[in-house]
Amino acid sequence: MSNASGTERRRPGTFARLLGYVARQPILLGASVVFLVLGTVVLAFQPLLFGRAVDEFADGDAGNATRYGLAIVAVAVVGGLLTYVANRQLAALAQGGMELMRNDLFEAMQELSLGFYDAEAPGDLNARVTSDIEAVNQFFTTAVPRIITTAMTVVTMLIIMLSLDLTMSVVVLLIVPMSLGLIVVLGRRIQADAAAYQQLIGEVNGYAEEVVQGQRTVRTYATEAETLARLVELSEQAREADRSAQFRSYLMQPASRLVNNLDIALVGLIGGTRALTGAVSLGDVVSFVGYSQQFGGQAMQLSQVVTQTLSAIAGARRVFTIIDTEPDLASSEDATPLPSADGKVDFDNVDFSYVPGKQILFDNDFHVAPGQFIGLVGPTGAGKSTIINLLTRFYDIESGTIRLDDHDITELELDDLRHRCGVVLQVPYLFSESIMYNLRYGREGATDAECIEAAKSANAHGFITRLPDGYDTVLSEGAVSLSQGQRQLLTIARAIVSEPDVLVLDEATSSVDTRTERRIQAAIDRLMEDRTSFVIAHRLATVRHADQIIALDRGRIQEIGSHDELIAARGFYHDLYMEQFTRQESSDVSGPG
Amino acid sequence: MSGIRAFFRVLSYAPRSEQRNFLLAQFGVVVMVAIQLMIPQLVQRIIDEGILASDTDRVVEVGFQMILWSVLNLIVAGGVAYLTALTATNLAHSLRRLLYEKVTTFSHGDLDRLSTAELLVRLTSDVNIMKTAFMQTMFMLFQAPWLLVGAVVLVWLQSPSLVWIMAAVMVVTVIVVLAIAPALGPLYARAQAALDRLNTVFYENIAGVRVVKAFNRTELEADRFAERNHEVYQRQLTPALRSALFQPVLFGLLYGAVGVAVLTSGSDVANGVLTGDPDALQPGELTTFFNYLLTAMIPIMIVAFVLPELGRFEASLSRIVEVMRTEPDIVEPADAIDPGELTGRIEFRSVTMAYLDAEQRALPTPVLRDVSFVAEPGETVAILGQTGSGKTTLISLVPRFYDVTDGQVLVDGHDVRSLDLTALRSQISLAEQQATVFAGTFYTNIAYGRAYGRAERSHEPLCDYQQAEHAARVADAHGFISAQLAGYDGAVTESGNNLSGGQRQRLSLARAIAARPRILILDDTTSAVDVATEARIQQALDVEMAGRTVLIVAQRITTAMRADKIVLLDDGTVSDVGSHTELLDRSELYREIAESQLGSLDEIADLLEAP
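Residue numbers (the numbering used here), protein chains in the order written: chain C, 1 to 593; chain X, 1 to 611.
Hint data in this document are derived by calculation from the structure and do not stem from the laboratory. Hints may contain errors.
Across the chosen pairs, the derived CB separations fall in these ranges [said to hold, decoys possible]:
no. : chain 1 : residue 1 : chain 2 : residue 2 : range
1   : C       : 237       : X       : 179       : 39 to 49 Å
2   : X       : 329       : C       : 469       : 25 to 35 Å
3   : C       : 469       : X       : 490       : 41 to 51 Å
4   : C       : 469       : X       : 340       : 51 to 61 Å
5   : C       : 181       : X       : 49        : 25 to 35 Å
6   : C       : 547       : X       : 571       : 36 to 46 Å
7   : C       : 81        : X       : 275       : 34 to 44 Å
From a predicted model like this one, the values you see are computed outputs, not experimental measurements. Where a beta carbon is used, it is the ideal one built from N, C-alpha and C, also for glycine.
Next comes chain X alone, as it looks inside the complex (with noise of 0.2 Å):
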């Protein structure tokens, strides 16, 4: 009954007109189940008044009633299934725009708790489940009470001799709809997580076709999936058992009342046409009393399909509920300064970090401490350090991806959390060594960050093709997108399916490029390029990005020795902070770095003095 609850809920969140719609709706339901009441009555009729009476006019004539009823029917019923699909299609709409709306305002940091697959089917599967459940119990659940009263009634006032019959099948059929419905809920949640873990299987066996296949593990594979697929079967299988119970059960006892009816009140109706009293039982009344009990019978059969799914309402809500209730962790001020046009200068002040747990507590272990460094507008800092020595988080900072735990990231002296961040990030560039693009073509995928509203927001005008074509030039990218047949209106699938990791790459520099950012940070953006074009890049991107700052998060030494400025990060500290010759000179870890990249440095010495 919580299902119910949670229902209405729902509905008391909708707007006004949404609810008159509801309301108006359960009024036609009303009238539908008055129609569905008497049509039995109607076909009553047809057996006592016209083919026992032998009158076929009075046939033709309730015959004719019982098809005005039921377009009557018809039309009411088409009244309430376009309500129902208005409320319900309007609901799903909603909560998708809702739920988008709420994922939207989570900051990095939250999108690190929440998992995206788990937001996804927020998104997706439960919104559908809460829409069909929706429409079920609109439709059909609130008909189920007004039914089984109906019935009822109606059979207390026309043959009161029967209706203890048939309170006692009510009894009897509750109570077997209550010994099955209620435990097939977790046995179907038990199939659905074995459905579940034989997709896992599924799945990698996709994603890891490679390796199945380097190592010739298909009949390990094979089996695997076997057993999964088997368990699956008898997961599916038990409540499958239990609920072929409910049909045989419920014709058995509908026809064993039928039985009952005339093993007790045979003598009645025969003494009642013999002496022709007309308030004994009619025969035609126990062929109603038949319709009445199947009428009776389908409200009990309709709670047991419907409760489930309310179930499943419930739970989508409440999963739906929690998204809605996490509060992002960063929040722009309510005075946030907006810096107009940005110089660059960029400021870490003695900067610590640590992330926050599922609770938004500051971790113990911070990722980085005590960070200072001043990268200048138009200068190129490399930022190098070992897995895990805090480049990525470093970088993220800027942008105001997450916030730090203690000291200051400046941007143009202003304190990032003091900023409007659309105005911040609207002149920040970040490419990132996954790099994420859009299903859409080349063009549209370069001029994202120059498009629309954000071309405003950044100084900078829309992005034409001219601009785009010359960006990926600088991103080594134009070579394959030229390549395609339709150039620069070719298309790119959805997540860039139809690229290679370094063709993704390409294009979302080439997209930070188009973008004209005042800062541009590359988080080992060029790892699954070639050396050689690597160096490309990066003497294209030092015309392109003349008198713009730039952080480039590199793994590569060769990558950090272009830089003005090379931050060498250790274990969440600043190592030291100077030129390739200068770290070269004086910072042990760095030439450990650079020896075990490029070998000898010595001979390297030798290799680049040779003519």
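The shape of chain C in the complex, shown without the other chains (with noise of 0.2 Å):
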């Protein structure tokens, strides 16, 4: 059901994306690049006048040995301080671009038509949101850093070696080469072995999940055994593909090592004959073998926050598909407001489907005068949800129109049509937050006073003053457990609190026992008085005094009437009552085949 995907706009490559929150913080940036330049080229000085210093004492020369000593130390000293500056400053620049990104990610979802999360399993998401922004908090906490350091400290000391001599510059450089051909050989499978890992962990983590939830059914139907060796099978296939990424990824250390110090050869051999000829002075080919071995550092370095790299651009991408998803439902440029309602609804030949091709409602038409209370019922499937979420805007219909108090609601603000509308649903969904957070919830600006009066005529003050901090109790998993019933009577005040126009009952009171059903209804009832208001139920008890009984099935109205006239009728709706009576006759149960 995912009819909100939405379109993509042309973007700059992920990678790029990523280094643009770093880029959303200039000044940060700069002043981290500018102290790094400099604590890179004060640092850089050390090889240098050590180089120097060895040159004049080869020499038997140590008159300047307190100078050179003296500067070094001095290098050392002022090359850290401004090190540490830049260190801080990239610290704080890659905090800031995940919190940058966690936001941009968390205001796009609030976006969302109810058709994308319809497409995903809640836990699902969750997950695969949580790990994709974990990666690209790994590849900000520690790549970001790693590779700007690298860059910068390369680009300093290469302007240094420059100056000093080209061919032995050209010499440290081919460590970029051999270090690039390491990461592209055995970075690859690496890269390779990681996936295959994550795929089959992911296997093993998922059907952990679900046999250690199930547990209950694998106690019921006895299948400890069986679920057992299945999950080994599973463990035992990552395991395969994990030791193997694993032992590559050891690999990448002395393997960088071996390249590091084929360079230093080489630096060494050609330093000593380009010396020969007077080409360089001993002096700086001693630096120059210090340059190698430093650039052979920052490459062994940089090829560590390869695969992090590689992974933060999969989970970006994934991301960033959801940033980029446009959402569907929004207000138009020139939304009418509706700052109240009389709560006169109508739907005029209304279609509507989730997935184009599947119908749900066919040509549904009713009128609602302000104050009513009207019944939705019919056999599951029926559509009566869906004319709840249609009437809410969730989703948008494919033709006819709906109506609030006469203005077409595609024109309305959007924001106005849902505070106008109160729901209360059958599965009572609280935050874990404080009760008096949950009640606000209904209307911004509610003030406790009105919280509190809506929980008495909940009729769930009592309860509420009877937990451990009255009001401020946190409802946190596993803290509180309220039951079901009291759960739904906060729903309830919560609706309350909204002050809607247009009160929505979907199976407010299926998952709760009779008397408990009884004390809901009260203050149901309480709260339905002059407002229009639709209740969704299966037990038809409930609905038997509406106003208006609307009587579905299979996306098509069947009949609308009071409780009395349907039945007297004797139709859709009698037939319906009666069933839940009578054993009725039913030829859909054959034998098998």
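Quick one: dock chain against chain with the hints and give me the complex.
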């Protein structure tokens, strides 16, 4: 059901976009680059000074020993300080980039319509996004500072080396293609193995999640041995891929060391030869040996963040897909505001389908006067909840018109439309915040007194005040356990706080028993006074006093009328009502085949 | 250091072959360290004997040696890396196996007390943390002491006049690392906690998306998110700023030490060159000194890097050990009776049942008190009562998911506590309101209870497609399954995410039916389907389960009406037992429930009499 994936705008590459979050903090970025360059320049003088000193000592001249020594110490202190300042800025830059990206993602997800969420299981979407974000986080905190540092160091050292000798610089730089070759050869295998492992361990963890959560079912069917065997089998496959990936990634370091030593030997050889011809001084050759060691160190550190960078790019690509999804439901530019409503509702010939081609509602047509109580009844899958989803404009219809107070709802300010409607769902959903927070969720700016008043009229005040912290009790998992009925009373109180003009109750009492239902029903009755209300119920007794009962079957309205009228008509509703009491002969169930 | 102890404790439980691999790898580690210490020596020779002596042949010769040693290093490191990956991945695999094996021994009560989420964290991320830390310890950490000792000894042997500079640098470095590193662990833990809170907002926003949108509180959500997001930023930044000190301080020390060496020994070197004294400090030795300083600094950085990981290793280990030490509260007796094929007679004899607390002591408030009734073979018995009256607890006692506190639950005359659990459970099917289905196909889900080993134990043949379809028809699931493109081979995704609640319920009901149990238990299995469908299912079940015992928990009185017998529960005690007409006649509670659900009983009677 992904009718909301929308269109993707053309965007720069994922890696560039990732770095774009760094660039969005220009002052920090500028400052850290400046300090980094200064620090690197200063520190790069160390091999230079050291080489010169060794040069002079080798000539038997120790006259400048003190000066060289002090200069090197000064380079160390100043360079260290500058690097420290740069490192702090890089850390802030990385964390800041991460914060920006998380906010972007969250804001984008706020705009997406329900169609997007329908396509995903909530646990799934959450797990995927958190692991993607975590991969990007790793990239920002370790790889980004590494990449920037390496880039700056390499550039600075390059300039100093080129000022000394071109040929020797080229020899030192040979490490770059060699390291790249290594990354390509070894890194590719590691990436392939790591991807295979991620896939397989995902299966292991998915299966573990399923059987641990379904452990009671495993116990019910006594399939402990079978599930263990399956888990072991999956885990063995993951182990093989993991072993191969780990083995190769631990090879990366000694392999880079080999490349580095090869380069040092080359620098020594070519430098020695050139020193013989007098093209460079012996001291400069010693300095170049030092540079090639440092270059090797940089290459080695860069190779360690390659895997991280690759998985961050994969994760970021999925995150950006969400950020780039255009919300398919939005208020139009010239939307009409609706600060309050009388509650007149009209459905004119409404057709709707969640997925193109699979029509759910056919030509639904009904008219509700302000303040009326409407009961929606019909078998599972008749389209009752869909009608409500359309009224609050969670989805847009295909043809026909839905009007509130004679305004087409697509022309209304989306915020206003939803503010006019208060919804109580079958499964009470509360946030793991305080009870007061949850009540105030109904309307921004509601006072404590208003919230408490709402709780009283929802029959919830009593049990709330008996909780350890009263209205400040935080509803976190495991801490406070409210019964399903109590949670439902809270969601009703929340709906009261929202002061809706149109009230929607979707099976609000189906998961509680009869006595609790009565308490809830009393609260609901109070809430329904003077408001247009739509009530969906399986238990037909709940809606028998409705002004109009709309009986639906397979997306088509079968009948509209009061309970007494429809019973007297002996049509669809009558049959539905009678089915509660009688066994009906059914030909639906036959033997095998 | 307790992390190291934890490491060896884990190793001591490993099989012999793994321990041998570990020792072999450690031998390789020593070789690797020796080579790493030798390389700077060779660099020095290239400088001293080659470049400074203007002898290119010597440069080639020594350079060649250096590359040979590097190749050897790569080979040895490859061996160590292989052994490390082997041991660590075996460890992870064994831990997963042991943990899940343990989970399968837990009773429903154990599972209630332990959180599923936490068990999963043990099985997934704790295992992963242990694996990663194990590898780093085995491959990297154990290089550190050798590298440190080796570097100091070599400097001491070659350039004794420089060893004091090195000693001073080492001492300062250790102080710096000790000042920064230990505080990082708790700081990272705080950052992680903030991240968990952020993820909660994230998850709730996804799970509660309808509420967020219905009340139009996206701005509030965005604010709540931004606030926690900034908290994560601050908490992650604090340790990051601290560790920003490491690298500049270490490199500052390193370079500073070289400066001091130049300052103090410059004249010695120059004099040595002038006098040609072979015992004097050689120019190349200054370079080597720098290299050995660098070499000695590496192990200290390794320790600073791996120690926090080892701390996490230890924490994960203790969490896993905690699970492994949990004693299941339901254990099969050693002389368990196999009852053979059951007739399905169930008797509750003065059953009192209280759930256990975290210490496995019975809670003071029993959920069931003195419950007695009999379900004869082939009877359908409905359990009716308010939320919290103990209906689900009652039926959970039959497959012995919990033990009674007092009294007896008898199946075919045997106390369930004396029976072979697998034999008992293989002949009982239970379908729950919160239906659990598994990834696979519709067919594999329906056949689940009669596949492979289970079929044999339940005295029934394997379930074929025809029988699966039959069971699906009884459960009113055939319609939506056959609407799938692939029909019964259509995919059911993890936890049945691609199905609606009602579809999951009907699928799990089909599974329970397909198992052809001697005793079928339905725990409000049809709450998400409409009344008409429910009636259809009931009727089909009556035919299907003829001759077999059915226990059925119901919210709707229309469901209970059809049973042979209704057990009316009120706050944990049996209020009455009888048929619908009997109870309607004599039980006020029953009448109350009936009227509230159906409306006026007189009116219904009138309607039913109408032609």
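Structure-based check of all given hints:
1. 237(C) <-> 179(X): 39 to 49 Å: 46 Å, holds
2. 329(X) <-> 469(C): 25 to 35 Å: At 33 Å between Cβs, range holds.
3. 469(C) <-> 490(X): 41 to 51 Å: At 49 Å between Cβs, range holds.
4. 469(C) <-> 340(X): 51 to 61 Å: Holds, at about 56 Å.
5. 181(C) <-> 49(X): 25 to 35 Å: 31 Å, holds
6. 547(C) <-> 571(X): 36 to 46 Å: Since the Cβ atoms of residue 547(C) and residue 571(X) sit about 38 Å apart, the hinted range of 36 to 46 Å holds.
7. 81(C) <-> 275(X): 34 to 44 Å: Because 40 Å falls inside the window, the suggested range holds.
Of the numbered hints stated above, none is contradicted by the structure.
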